[in-house]
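Between the sequences and the hints, there should be enough to build the whole structure, so can you do that?
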Amino acid sequence: AHVEMKDPPPRHSQYSKYYADNDDVDYNMKSPLGPIVSYPCRSFSAGPVQGTLTAGRPFHVQFDGVATHMGGDCQFAISYDNGTTFAVIWDKLSSCFLDTSGGGYDVPIPEFLPASKHAVFAWTWINGLGSREYYMNCADVRIENYGKQEPLTAHQLLVVNLP
Numbered sequence: 041a042h043v044e045m046k047d048p049p050p051r052h053s054q055y056s057k058y059y060a061d062n063d064d065v066d067y068n069m070k071s072p073l074g075p076i077v078s079y080p081c082r083s084f085s086a087g088p089v090q091g092t093l094t095a096g097r098p099f100h101v102q103f104d105g106v107a108t109h110m111g112g113d114c115q116f117a118i119s120y121d122n123g124t125t126f127a128v129i130w131d132k133l134s135s136c137f138l139d140t141s142g143g144g145y146d147v148p149i150p151e152f153l154p155a156s157k158h159a160v161f162a163w164t165w166i167n168g169l170g171s172r173e174y175y176m177n178c179a180d181v182r183i184e185n186y187g188k189q190e191p192l193t194a195h196q197l198l199v200v201n202l203p
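Just so we're aligned, residue 41 is where the sequence shown starts under the numbering used here, counting upward by one.
Quick caveat, the hints were computed from the structure, so don't treat them as lab data.
No residue lacks a Cβ here, since even glycine has one placed at the ideal position from N, Cα and C.
No more than 25 angstroms apart at the CA atoms, straight line, and that leaves these computed lysine to any residue pairs for SDA-like:
no., residue 1, residue 2
1, Lys157, Glu190
2, Lys57, Ser119
3, Lys132, Tyr55
4, Lys132, Gly144
5, Lys57, Ser71
6, Lys157, Lys188
7, Lys157, Gln54
8, Lys188, Glu151
9, Lys46, Ala95
10, Lys46, Asn201
11, Lys70, Arg172
12, Lys132, Asp113
13, Lys57, Asp104
14, Lys70, Val89
15, Lys46, Tyr174
16, Lys132, Asp47
The following label-pair restraints were derived from C-beta to C-beta distances:
no., residue 1, residue 2, range
17, Asp121, Phe152, 17 to 25 angstroms
18, Gln196, Ser134, 16 to 24 angstroms
19, Gly144, Asn68, 17 to 25 angstroms
20, Arg182, Thr124, 14 to 22 angstroms
21, Phe152, Val89, 15 to 23 angstroms
22, Ile76, Val200, 17 to 25 angstroms
23, Gly143, Arg97, 19 to 27 angstroms
24, Asp121, Gly91, 12 to 20 angstroms
25, Gln54, Tyr79, 19 to 27 angstroms
26, Phe152, Ser78, 26 to 34 angstroms
27, Arg97, Asp121, 19 to 27 angstroms
28, Gly187, Asp63, 35 to 43 angstroms
29, Ser78, Tyr186, 35 to 43 angstroms
Here's what the structure looks like:
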């Protein structure tokens, strides 16, 4: 097993009460994207909101898994169009998983991030050792912003190593 996002619970995750209660769990969330499991979001459609991000405050993301393949590159991104486009809000390059605090990261959330009743929070990972693979989990989230909001401008996800 590799690594999967645990909190916020991704679409079809065993860690989501909604998906567990509805017997709609994918137990292969730690596998890389490939010919059957595709980009974006492992081909899963939108589900119920699983967490709330607040603009300007760190958002704790928890992971499960031990095969971290000497780190690699992680990106954390937001989509307002259900995964058609993603804007990266934080890059953790080279050392992803090598310096986590308690198995997770406090992802900085930009203070100008526009509010949304339903957005997609994505985590991607390109492993640092072994066959180059691409991992992705997506969680449906709400974004709150009680201050200044600006259009989100950021670089897009780096999408590589897909068959």
